[in-house]
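Each chain is listed here by its residues.
There are 2 protein chains.
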Amino acid sequence: MSESQTAIKKQVKVLEDGRVTTPKGFHARGIHFGLKRKRKDLGWLYSEVPADSAAVYTTNTYQAAPLVVTRESVSVENKIQGILVNSGNANACTGEKGLQDAYQMRKEFAAHAGIQEHLAAVVSTGVIGQHLPMEKILNGIAALVDYEVDGNADDFEEAILTTDTCVKHIGVELEIDEKKVMIGGAAKGSGMIHPNMATMLGFITTDAAIDHNDLSEALKQVTNSTFNMITVDGDTSTNDMVMVLANGLAENKKLTKQHKDWGLFLEGLEMVSKELAKKIARDGEGATKLIEVQVKDARDKEAAGVIAKKIVGSSLVKTAVFGADANWGRIICAVGYSGQQIDPNLVSISLGSIKVVENGLPVPFDEDDAYNYLMNDTIKITVDLAQGNESAVAWGCDLSYDYVRINASYRT
Amino acid sequence: MSESQTAIKKQVKVLEDGRVTTPKGFHARGIHFGLKRKRKDLGWLYSEVPADSAAVYTTNTYQAAPLVVTRESVSVENKIQGILVNSGNANACTGEKGLQDAYQMRKEFAAHAGIQEHLAAVVSTGVIGQHLPMEKILNGIAALVDYEVDGNADDFEEAILTTDTCVKHIGVELEIDEKKVMIGGAAKGSGMIHPNMATMLGFITTDAAIDHNDLSEALKQVTNSTFNMITVDGDTSTNDMVMVLANGLAENKKLTKQHKDWGLFLEGLEMVSKELAKKIARDGEGATKLIEVQVKDARDKEAAGVIAKKIVGSSLVKTAVFGADANWGRIICAVGYSGQQIDPNLVSISLGSIKVVENGLPVPFDEDDAYNYLMNDTIKITVDLAQGNESAVAWGCDLSYDYVRINASYRT
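For the protein sequence lines, the chains are A and B, in the order given. End of the first sequence sits at 420 in this note's numbering; the numbers just go up one at a time, nothing left out. End of the second sequence sits at 420 in this note's numbering; the numbers just go up one at a time, nothing left out.
Bear in mind the hints are in silico, worked out from the structure with no lab data behind them. One or more hints might be untrue.
For identical chains, the list gives no copy identity; a pair is met inside one copy or between any two copies.
[Said to hold, decoys possible] Calculated lysine-lysine pairs in the BS3-like style (CA-CA distance at most 30 Å, straight line):
# : residue 1 : residue 2
1 : Lys262    : Lys44
2 : Lys304    : Lys46
3 : Lys188    : Lys261
4 : Lys363    : Lys105
5 : Lys265    : Lys286
6 : Lys32     : Lys105
7 : Lys21     : Lys105
8 : Lys363    : Lys44
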C-alpha cells in the first residue's frame with residue numbers, strides 16, 4: 009500500500025452508531041401499517057433540503073412499477089428529497105394499475121411531506137404480482153408524515169426489511185476542506201441476492217456537497233466492487249436499487265474528481281457500501297456464516313471477479329461451509345467451470361490460513377484444524393491463480409436447512 | 009407433427025426391461041471392492057467385439073485423469089471394447105500420480121479382459137483430490153473379470169452410482185434394414201449436475217452398425233437437447249461424460265446420415281438419452297419432484313434453452329416447488345434475469361394446465377388447485393414468450409432439506 013493510501017485510510021472513521029441519519033439534515037421514520045404481520049413495513053427517509061441523487065437499478069427485464077416512477081423523479085433534476093419505502097409487497101408484474109398505484113403513492117407522499125412530486129422517490133419490496141392495498145398505503149402515508157420530523161432511524165431500517173433477520177446500517181466520518189463530512193447507509197437484502205445490483209435495497213446519505221455526475225460515476229464504480237459482488241442464491245429481483253443522496257449541508261467546497269480529497273470521499277463511500285453488502289450477505293436467507301472469497305494474482309480483474317462469484321455462488325461450496333466440511337474439491341471445481349482461462353496446475357487454495365491446494369494438487373492438512381476454522385462465523389477462502397496481479401473479492405453465505413424452510417413457504 | 013414423423017415415432021419401442029445389455033453382444037458386471045461402505049463400486053461394461061465409440065466430456069478446466077486416458081484410448085481408432093468404472097473416488101486433481109494410476113487401471117483392466125489397451129476406457133466418479141487405493145482397485149479388477157461373462161447389468165448400474173438413490177436404465181428397439189436394432193443406456197447423476205455435459209456418467213450401447221463420424225455428430229446433437237438440458241445445482245463436475253458404443257452385431261447396413269432410417273435411429277438415441285437425463289434430474293440430491301420447464305414460442309432455440317435452464321436452476325423456484333407454493337413471481341423473475349431479449353408484456357406462464365400469468369400479468373387461479381398440482385411428483389412449467397416458433401425443454405428437481413443434509417456432510 010502506498011503512503012498516500014495509508015494517509016487516506018486514516019481519515020475515514022467508522023462511527024459507533026452511524027446510520028442514514030448521521031449526516032446533517034437527514035431524518036428517517038418507520039411504522040407498521042399492516043402489510044406485514046407485526047414488523048414495521050412503511051418507512052420514510054427525508055432530507056431537509058433537496059439532495060443530489062444518483063441510483064443504480066436492477067438489471068432484471070421486469071422492473072417493478074416504483075422503479076419506473078423513481079427513475080422518472082430522479083431524471084427531472086437529479087435531486088431527491090424524500091424516499092418512501094414499503095415492504096411486504098413489491099408492486100412488480102402489476103401492469104398499468106400497478107404503475108398508477110406507484111404514481112399515486114408518490115403523489116400522496118409528496119403532498120404530505122410538503123415536497124415537490126419529482127423530489128419524491130417510491131420503493132417497494134416483497135411479494136411479486138399482487139396489487140398494493142392502496143387504502144392502507146394511503147392511511148400509512150398520512151400517519152407516517154404526521155410524526156415529528158425527528159423520527160427514529162431504527163424504525164426506518166426495520167420498515168424496509170423482508171425476510172432479513174436484522175437491520176443493517178453503518179456511518180463514517182471524514183474531513184473535507186476542514187469540514188466534517190458524514191456518510192451513512194441502511195440496507196435490506198436476504199433472498200434474491202445476486203450480482204448486477206439486482207437484488208437489494210441500499211440507501212446511502214451524505215451531507216457532502218458533490219457534483220452530480222461525479223457522484224453518479226462514484227456510485228457505479230463502488231457498486232461494482234461491493235453490492236455487485238455479493239450473492240445469496242443467484243436470483244436477481246425485479247425491484248431493487250441502491251440510491252445515494254448528497255444534501256451538501258456539510259458545506260465543503262463541491263467535491264469533483266479534481267478535488268484533492270476525492271479519493272477520500274470515494275474511500276468513505278466504498279467503506280459504507282462494502283459494509284452494507286457484507287451485512288446483506290451475512291444475513292442471507294438461512295445463513296449461519298459469511299463467506300468471503302478472494303481471488304488473487306489473476307490476469308485481469310474481471311476474471312478474478314467471475315471466479316470469486318462462481319465459488320461463493322456454488323451450492324456445493326455453500327453446503328460444505330454449512331457442514332464445516334473442508335471439501336476443497338468443490339472450490340477447485342468451481343474455478344474450473346468458471347469459464348475463465350486459468351492454468352489448473354498453478355492454482356492454490358487456502359481456507360483461512362490453512363493451505364489445502366498448492367499448484368493444483370492437494371496439500372495434507374489437519375482435518376480438525378480445518379473443521380475448527382470452518383466453525384467460525386466468517387469463512388475466508390483465498391484462491392491464488394498465479395497468473396498476474398489483479399484480484400477481486402466476493403461475499404456470500406452458506407446454504408442451510410433454513411434457506412429451504414424459508415423459501416418453501418415464503419408466499420403462503 | 010408431419011405424417012412421416014408420426015411414422016417414425018411408431019417404430020421406436022420402449023422395452024420393459026431395457027438396459028445396456030439389451031443390444032446384442034454387450035455384457036456388464038459390478039462388484040463391491042471397498043471404496044464405498046456397502047454398495048457396489050466397481051463396474052465393467054463389455055462388448056464381444058470392438059465397438060465404434062463416441063463420447064462427450066466435461067467442459068470443466070479440471071479434467072480428471074481417467075478422462076485423459078479414455079480420450080486417448082478413443083483417439084487411437086475410435087473404438088472401445090470395455091469400460092471400467094469405479095465410484096467413490098474421482099481420481100481428479102491428483103496430478104501426475106493420478107494420471108499414472110489411471111493408466112495402470114486401464115492396463116490391468118485390458119490385460120484381465122483380454123483386450124487391447126487402447127480398446128479399454130476407464131472412468132472414475134466420487135470425491136475429488138484423493139489418490140485411488142490402487143491395491144484395492146487392482147484386486148477388484150482381478151475379481152471382476154474372473155466372473156462369468158454373463159454378468160448382471162443391475163450390478164453395473166449400481167456400481168456407477170454415488171449419492172444416487174436408484175439405478176437408471178432404459179432400452180429401446182427399432183427396425184433398420186429389416187433387422188432388429190437395440191439401444192440401451194445406464195446413467196448416474198445426483199449432485200454437480202449442470203449443463204454442458206459436465207456432470208454425470210451416461211453409457212449408451214447399441215448393436216447398430218453405424219458410421220463413426222455420424223455417430224459422433226448424433227451424440228453431440230442429442231446431448232445438447234437432453235443431458236445438457238438438466239441441472240441439479242448448477243455445479244459442473246470434473247469427471248463426467250457420456251459415451252456411446254455401437255458394435256454392429258445387429259447386422260444392419262451401416263447407418264449414415266444418408267440412410268433412410270437415420271432419423272429413426274436418431275429418434276431412438278434421443279429417447280434413450282432423454283429418459284436417462286430425466287431420471288438423473290428426478291434423482292437429484294434430495295429431490296422429491298421432477299421439474300420440466302418448457303419455453304415455447306421463442307425467437308430462437310438458444311434463447312428458449314437459456315430461459316428454461318434459468319428457471320429450472322433457480323433456487324427460489326426449486327424451493328417453491330418443494331413447498332408446493334405457486335409462487336409464479338419467482339418464475340417470471342427468472343425469465344427477467346435470463347439476459348435474453350423478451351417482451352415482458354407478452355409472457356404467459358402455466359403450472360400444468362393452470363394458467364397463472366397471461367401477457368405479463370397475474371391471472372386469478374384457485375390456490376387449492378395449484379397446491380394440489382404442485383404435490384405431484386412431476387411438475388410441468390410452461391412459459392410462452394409469444395415471440396416466435398422455437399422452443400426448448402429443460403429438466404431439474406426441487407430443492408429440499410435433504411439436499412442440504414446430503415451436501416453438508418458428503419465428504420466426511
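Here's how the hints hold up against the structure:
| no. | hint | in the structure |
| --- | --- | --- |
| 1 | Lys262 / Lys44 | neither (42 Å within a copy, 68 Å between copies) |
| 2 | Lys304 / Lys46 | neither (45 Å within a copy, 42 Å between copies) |
| 3 | Lys188 / Lys261 | within (12 Å within a copy, 87 Å between copies) |
| 4 | Lys363 / Lys105 | between (57 Å within a copy, 20 Å between copies) |
| 5 | Lys265 / Lys286 | within (27 Å within a copy, 56 Å between copies) |
| 6 | Lys32 / Lys105 | neither (38 Å within a copy, 65 Å between copies) |
| 7 | Lys21 / Lys105 | neither (46 Å within a copy, 53 Å between copies) |
| 8 | Lys363 / Lys44 | between (46 Å within a copy, 28 Å between copies) |
In summary, the numbered hints that this structure violates are 1, 2, 6 and 7.
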